[in-house]
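Protein chains in written order, with the numbering used here: chain A, 44 to 311; chain B, 44 to 311; chain C, 44 to 311.
I should point out that these hints are in silico values taken from the structure, not numbers from a laboratory. Be aware that a few hints might be false.
Copies of the same chain look alike in the list, so a pair counts if it fits in one copy or across any two.
As the list claims (entries may be wrong) - List time: in silico DSSO-like cross-link candidates among lysine-lysine, alpha-carbon distance up to 27 Å:
1) Lys82 - Lys221
2) Lys281 - Lys244
3) Lys134 - Lys59
4) Lys59 - Lys82
5) Lys59 - Lys98
Remember, predicted model here, so these are calculated numbers, not experimental data.
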Amino acid sequence: GSEEAAPESAPGGEGKYQTLLINNTGGVYNITLNRPTKKNAITVQMYEELILALKEAGEDKSVVLATMTGSGDYYCSGNDLGNFMNITPDKIKEMAVNAGDLLQRFVSAFIDFPKPLIGLINGPAVGVSVTVLGLFDAATFHTPFSALGQSPEGCSSYVFPRLMGAAKASELLLFNKKISAAEAYNRNLITAVIPDDVFVKETQATIQAIAKLPRESMAFSKVLIRSAEKAQLHAVNKEECEVLIGRWQSQECMNAIMSFFTQKTAKL
Amino acid sequence: GSEEAAPESAPGGEGKYQTLLINNTGGVYNITLNRPTKKNAITVQMYEELILALKEAGEDKSVVLATMTGSGDYYCSGNDLGNFMNITPDKIKEMAVNAGDLLQRFVSAFIDFPKPLIGLINGPAVGVSVTVLGLFDAATFHTPFSALGQSPEGCSSYVFPRLMGAAKASELLLFNKKISAAEAYNRNLITAVIPDDVFVKETQATIQAIAKLPRESMAFSKVLIRSAEKAQLHAVNKEECEVLIGRWQSQECMNAIMSFFTQKTAKL
Amino acid sequence: GSEEAAPESAPGGEGKYQTLLINNTGGVYNITLNRPTKKNAITVQMYEELILALKEAGEDKSVVLATMTGSGDYYCSGNDLGNFMNITPDKIKEMAVNAGDLLQRFVSAFIDFPKPLIGLINGPAVGVSVTVLGLFDAATFHTPFSALGQSPEGCSSYVFPRLMGAAKASELLLFNKKISAAEAYNRNLITAVIPDDVFVKETQATIQAIAKLPRESMAFSKVLIRSAEKAQLHAVNKEECEVLIGRWQSQECMNAIMSFFTQKTAKL
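In isolation and in its complexed conformation, chain A is listed as follows:
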């Protein structure tokens, strides 16, 4: 820790979050991804802000539980591929190592979160926003892993086989299969499928009911549930990020990302 004074954020914590909306009220810490024009793709800054928000929610004694949702029609389109653009060849390794470190700290924040964490998946979910779902609750999605020439993250290589068996996990993590919300429910990735028109009303009612339950009991129960595999989850997270650091420097991955942007341009 540095002993120099850190620059103060604005009073009331405003200014701390540029990419998120935070609403901490009545024991519920609401996190909203707030880049709706970019389908809430996660930039380097947003990763850092999410790590900070989860830390705050975990430490604030008034907080019973946290929720995460997206602004607009999308929940989250995953890692912002702009994070990989405009990198000169001599900087690729540095970029890959830094991105691996950031991802590992991001996923660790979910592994270590000490209170109930509820995903209010308001729209499509892609990539890392899906793979971390095994570390909390949720509602609709698809997964484009292999198509981007990458490999699983968010502890999904470990958690997904435990949710749905290795074969169904491989469909998502190796074979690029897209599944419906109903199928995601059957595969234990999410705990409820809620129609759009009642989504806010129903999820708010659930959250308010949960926020009134004995909070110590919930916290102790969550710690018990997580404790049996916390060490394993951290080891998996580290291994996944190491593999990704290699993948991100591979020709196969670069081709896949180039192809992604080319196709996108071609469609315009």
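Fit chains B and C to the supplied structure of chain A, relying on the hints for placement.
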């Protein structure tokens, strides 16, 4: 082991069980919880008798499998909260430690049971009668954990996430969700949903068929299945009981139990 | 490794496989069990050829993925019980030890297979052809374990409880329950149920699509998914085979096999 002579139980084993009905016949050891006027709530005596019955069934070479059911309309309403009543403040810690030890031995009896154990869940199941279900088979239930300000037991903090994923397990263990028999089937907690009117007939047919299967093969297979995580289950059981010993001495838990009795009275 | 020259197999690898059809083309290594008049029951020779074929497919850099299917109407009727016939009493132990070693090497070949492995289960599947399914993907089956007085193999004592919970796994591994393809899907044993009339067309389309995905990414992802429990799977495989070596020498097992052949004859 003491070398003093133990007092003899009545001939034929009668008198050994006051809270259970035992019927050991044709290779099937039937255990019936027998406090129907109390919805088969488990008293300290009943815990001890269940431990003894499982030990007997495990050691008796004529026994192929054991079953467990409830007398009357209820399967089991869980821990008898009377176990926590009329405790003077200076005795609370002692009560909590003793209750933790008893619960740990009770759950260990299920972990270590060496033969097939089949639950004939004849009616509603609550609390600890649900959380140990992950250690055998079953048919209808709900779970009131968090509402009582307690925390998971019966290895449910470890087994439930492995049956249905952490998120769906959290619904039951943290968020007090009640689920139908059909949903319990989908979540791998039970192996069949059987209508009331054919319940006895169908379950008896199944049990008789199983009792005729090669018994050594079944015993070896059960040992193989259990062995991979027996040490882990015992560690989880110990950790859960330690957390509960703390919970039972907490203000939050006492308030929840008081509230439970007050509401019950208010309804009368 | 011997330094003596091994007898050459015929050019082009023909002659290497008498019980399998191998078709290695376009990155897809197809293995077909080819004893249709015996419902593709697995002889000692077929075990050895399957081990060899998986080794080849794993090492051949042109191979992206492997598939396994059966010739004729059956997928596989499991271990050829003829392997246990015509054994004189003094040779029973030797037979059991050799069969245990062979089975352990066979299952290891699945545990260690480094690429996607897709089962095209074209008809009924029995015994060891079911228990190894937890190590890849599939379509219809039943399981006759206990009825043969044996015990689980193929890592099923470990993998099946993780696919469907211990109770539902016990139905298959202890209680000889037969389940439908739909139920096998719900229990995470297989990833798709496909009608007969479109089976070949649909599975070929899926395989061709998978063969075009980024192959390095798939291989790294499979390694990640498998790595978390590879050591455990090998330990389970070893333990299961040790138990089976004992079972195969037991009176109960011999009676069950005799009864199987007697019933078969009686039906003729």
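These are the hints, each one checked on the structure:
In the homo-oligomer, the alpha carbons of Lys82 and Lys221 lie at most 27 Å apart inside one protomer (18 Å), although the nearest pairing across protomers, at 36 Å, exceeds that limit. Taking identical chains as interchangeable, the C-alpha atoms of Lys281 and Lys244 are never at most 27 Å apart, the minima being 38 Å within one chain and 41 Å between chains. For the identical chains of this complex, Lys134 and Lys59 are neighbours neither inside a copy (29 Å) nor across copies (50 Å), given an alpha-carbon limit of 27 Å. With identical chains, the CA atoms of Lys59 and Lys82 are at most 27 Å apart within one copy only, with a shortest distance of 21 Å there and 55 Å across copies.
Taking the closest pair of Cα atoms, Lys59 and Lys98 come within 27 Å of each other only inside a single copy of the chain (13 Å); across copies the shortest separation is 55 Å, beyond that limit.
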